[in-house]
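Student: The primary structure of each chain is shown beneath.
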Amino acid sequence: MSAFFSEIIGSERARRRFFSWTIVLVWAFILAFPAYWLVLTTFKTGLAFTKEATYLPWVDFDPTLSAWETVFVGRSDRMMRPLLNSTVIATVSSAAALILATSAGYALARFRYNAGPITGNNISFWFLQQRMIPAAILAIPLLVGFRELRLLDNQLALIITYTVFGVPFAVWMLREFFRSLPVEVEEAAMIDGASRLGVIRHIVFPLSAPGIVAVFLLLFIGSWNEYYFALVLTFTRSVTVPLWLQGEIAQVLGIQWGNLAVIAVVMTLPPVLAGLVLERFIRRGLTFGAIKG
Amino acid sequence: MTQAADATVATPESGGGATATPMRRNRRDGAFRWKLILLLPAVLVVLMFTILPLVWTLGASFTDFHLFLHGFQKDVPVLFVGLDNWIGVFTDQFFWHTAKNTIVFAVSTVALELAIGLAVALALRNITRGQRLLRVWFLLPLFISPVAVGMIVGRMIFHEAVGPVNDILRDVGLAGIPWLSQAEWAMFTLILVDVWQNTSFMVLLLYAGLMSVPDELYEAAKVDGASDIQGMFKITLPLLAPVAMVAILIKGLDAFKVVDIIKVITGGGPGNSTESLTLNIFDTSVRSGDISMGAAGGFILLGIMTIFVLIVLAVSRRYVSTLTD
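Line by line, the protein sequences give chains G and D. Following this note's numbering, the numbering of the first sequence begins with 35 at its first residue and continues without gaps. Following this note's numbering, the numbering of the second sequence begins with 6 at its first residue and continues without gaps.
Read the hints as simulated data drawn from the structure, not as lab findings. None of these values were measured; they are calculated from a predicted model. Heads up, the beta-carbon is just placed ideally off N, CA and C, and yes, glycines get one too. Hints should not be assumed to be uniformly reliable.
As the list claims (entries may be wrong) - Partial pick of chain G residues on the chain D-facing surface, computed with a CB cut under 10 Å: (1) W61; (2) A66; (3) T195; (4) G232; (5) I237; (6) L241; (7) E313.
Stated by the list, open to error - DEER-style ranges, computed between Cβ atoms: (8) T96(D) x D187(G): 53 to 59 Å; (9) R130(D) x S110(G): 44 to 50 Å; (10) S100(G) x A188(D): 32 to 38 Å.
Produce the complete structure using the sequences and hints provided.
Tutor: Right, here's the structure in full:
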């Protein structure tokens, strides 16, 4: 068998490279095709979609901008609210979670906590454990509680929820990040008489900016894409982009695929752009244990 | 459990139970004050909005609390009903039907994602050109909302009448596959959609793990006359096992909570063949307002997830011990 392949493809090394390229390219194609299909669909009208599958613009079908027009001009009133809601909710909740998590992550990385079983490691692990609790459970008390507070279908409910669920994960990652920074610089500054706040402002922040930005992006992506809590806690005024898309899919009048595709593009662009920025940090060796899924 | 937590960060230097590097300072410089001021807000927020609600929900699972009754009429007393809800859930066949769906989904997706992810990560390592571009490309699905992925991949690519997959199948003379309209296929389609999105996570972690295996090990093995296959099973896979375990835990726990792609693609159908536990609990607690019953169901889901974690940890410990023998 091995000799057979060697004859066709040459050395063992070349053979291995050939197989590797095959796997990688097939997988790259599988990932790429739906993206191509999505963009393609935005340029189709009802007819081009409902008859049969078409693959190439100008060859198979005549591309039009009508779906873009419908979503951005004709029905722009439907788009503004969820887009604005998502932007506000994701930005505010990520910023709030980042502030809480940066200070806690820094504290856990630099101070020794030792009160019986309450050690630094245990606190960090306790934070991480919160990730395991199913949204199916937590949505229940949040629904009841926010209803009592008359915050249902209010942006504030989702801002609070996303902040709280961003914190544990961000604390864990930032603690790991701060631990990877040299402590000596901070110690030297303190010996020179700098205060703790001065150290944080002039040394810790500049040094840790990449990590903090990366965590902010991850939090933003997570909040932007979140679906279940938004489904439970909002109805009309405060719906976010994922709910808007789902609502459009569930239209009774038959599915308008072109419009849906445009909405999906609009919805996908911000987190993917954030992800591309984030990728630079990941390449620099920040693997973060967990990408928020 | 603590071991798993420490290993969760894939950077090599943080493995093991390393302790925090303390500032070697005493209370005089105000460190004591700072360490509370900085830590407490985050702890309090989590206590207030996660732990407290969790305890409240556990309590509610032993009552008859109903959103549409007690939520509106404050004078109706909430009654303690003991284990009624728990027994109700445990004897509810439909609950276990959705539990089975969830377990099938979670186990299949994690297994497929691990296998494909390993193949792609290994292949990626052997490639000399275009690696950076491909790595970025392989990462992108992780940033897309599952709702959008469900619509694009689940509803459009696997569309039975005008989707490209069935179109190509028919072009080569085969019959189109009932991806969404038949129960057996619908679950399979959901699994494929999840694989499309989340295999990237496995690639990311496994590739990082592979990069931390020093080349010298392979060279040494080669000098000793080991074949590629032997190198793979004796060096690569054992050294990758800890990273793989973490990836399995994270992705597995997410998969047990699946709801968004199901809601978008099948809505739990056809029939109830793809309804997951979370969707079931959503219908019970949020839609029908039966808070107490939903609460009991939610904690049983948490129990199932805990069992999953324990199994993964036990298997991995066993695997590690067979390696060291």
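Student: Now look at each hint and say whether the structure bears it out.
Tutor: Going through the hints against the structure:
1. W61: Holds: closest Cβ of chain D sits about 5 Å from W61(G), inside 10 Å.
2. A66: 7 Å, holds
3. T195: Nearest chain D Cβ about 8 Å off; hint holds.
4. G232: 12 Å, violated
5. I237: Given a least distance of 13 Å, the restraint on I237(G) is violated.
6. L241: Constraint on L241(G) not satisfied, violated at 15 Å.
7. E313: 5 Å, holds
8. T96(D) x D187(G): 53 to 59 Å: Once the Cβ atoms are compared, 36 Å apart, the range 53 to 59 Å for D187(G) and T96(D) is violated.
9. R130(D) x S110(G): 44 to 50 Å: Once the Cβ atoms are compared, 48 Å apart, the range 44 to 50 Å for S110(G) and R130(D) holds.
10. S100(G) x A188(D): 32 to 38 Å: 37 Å, holds
The structure is inconsistent with the numbered hints 4, 5, 6, 8, although it conforms to all the rest.
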